[in-house]
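According to the working numbering, the residues represented by the sequence shown are 3 to 258, in order.
Since the hints were made in silico from the structure, they are not lab data.
This one's a predicted model, so the numbers in the text were calculated from it and none came from an experiment.
Be careful, since some hints might not be right.
Stated by the list, open to error - Using 16 Å as the maximum straight-line C-alpha spacing, the simulated EDC-like pairs for lysine to aspartate or glutamate come out as follows: (1) K61 x E76; (2) K233 x E215; (3) K45 x E56; (4) K132 x D156.
Claimed, not checked - Label pairs and their computed distance ranges (CB to CB): (5) D98 x D40: 55 to 61 Å; (6) L36 x Q247: 44 to 50 Å; (7) V73 x D180: 44 to 50 Å; (8) D71 x N103: 37 to 43 Å; (9) D98 x M249: 35 to 41 Å; (10) E56 x E114: 35 to 41 Å; (11) K54 x R30: 31 to 37 Å; (12) D71 x D179: 47 to 53 Å; (13) E56 x E108: 32 to 38 Å; (14) T230 x D37: 27 to 33 Å; (15) I74 x T214: 44 to 50 Å; (16) A78 x K45: 28 to 34 Å; (17) Y107 x T8: 20 to 26 Å; (18) E51 x D180: 47 to 53 Å.
Glycine included, each C-beta is placed from N, C-alpha and C at the ideal position.
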Amino acid sequence: MRSIWTGSIGFGLVSIPIKLFSAVQETRLDLDMLDSRDHAHIKFQRVNENTKKEVPYDKIVKGYKYDDDYVIIEDADFEAAAPEKTKVIEIESFVDVASVNPMYYETSYYTEPATKNNKAYALLLAALKKSGKAGLARFVLRSTESLCIVHPVDKAIVVTRIRFAQQIREQDELKLDDNIKVSDKELKMGLALIDQYAEPLDLSKYKDEFHTELMNIIEQKAKGKRPTIKKLKPVKAKGDDLYDQLMSSLNAKKGA
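Can you build the whole structure from these sequences, using the hints too?
So, in structure tokens, the structure goes:
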């Protein structure tokens, strides 16, 4: 893994030098865009709208449109906006991880102490595990301020970026019916169905099957074979009565 950020975790008056590494990897296939007529690769160019000529990457700058003109933003400007946040993940408070709505989660990063035998890193890791708490912090990564939680995962301290509350849309525009009534009998059956399907969380048994099947199709086509297409088997509901459907679901699970 390659470090994508270096700085420190601020824990009270304690500063823990760290390196940040991406903890996730994509399983999406790297598909190229081709011309359907001759399968030539499609190239994207950065073109100056005035000269119509391609612009070298080292000549491209970032700008913000302000009063019909552009203000150029340089790397130093990003750091000047919040110098402490570009170098320090400052823990502002400690919260229960369970209190963070899953809608807020974005992506996670492993941290590694930048120095050997870092006792402060070991202390924070042990304290987080013992307390069951997570640190709430803010820092700047790739010119964007991020809210994050600092929490333990096995032997490492993990920084997970979360969204700001202002980024979550309100539900006002959703067409939700508040007048639908669920009977006690239906609710009891629904709870029974949830209880029957309940099990300890084990994400290791879930694989990206779509990626595997798509690779299988690609390999078959590469050999000149026609891939076998799986047919969906629609499951017909037994009647329109919700209670009957729940009962059938319970019985089906028992017979599995």
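Each hint, compared with the structure:
no.: 1; hint: K61 x E76; in the structure: holds, 12 Å
no.: 2; hint: K233 x E215; in the structure: holds, 14 Å
no.: 3; hint: K45 x E56; in the structure: holds, 12 Å
no.: 4; hint: K132 x D156; in the structure: holds, 13 Å
no.: 5; hint: D98 x D40: 55 to 61 Å; in the structure: holds, 58 Å
no.: 6; hint: L36 x Q247: 44 to 50 Å; in the structure: holds, 46 Å
no.: 7; hint: V73 x D180: 44 to 50 Å; in the structure: holds, 47 Å
no.: 8; hint: D71 x N103: 37 to 43 Å; in the structure: holds, 41 Å
no.: 9; hint: D98 x M249: 35 to 41 Å; in the structure: holds, 37 Å
no.: 10; hint: E56 x E114: 35 to 41 Å; in the structure: holds, 39 Å
no.: 11; hint: K54 x R30: 31 to 37 Å; in the structure: holds, 33 Å
no.: 12; hint: D71 x D179: 47 to 53 Å; in the structure: holds, 50 Å
no.: 13; hint: E56 x E108: 32 to 38 Å; in the structure: holds, 34 Å
no.: 14; hint: T230 x D37: 27 to 33 Å; in the structure: holds, 29 Å
no.: 15; hint: I74 x T214: 44 to 50 Å; in the structure: holds, 47 Å
no.: 16; hint: A78 x K45: 28 to 34 Å; in the structure: holds, 33 Å
no.: 17; hint: Y107 x T8: 20 to 26 Å; in the structure: holds, 24 Å
no.: 18; hint: E51 x D180: 47 to 53 Å; in the structure: holds, 50 Å
Violated hints: none; the structure is consistent with every hint.
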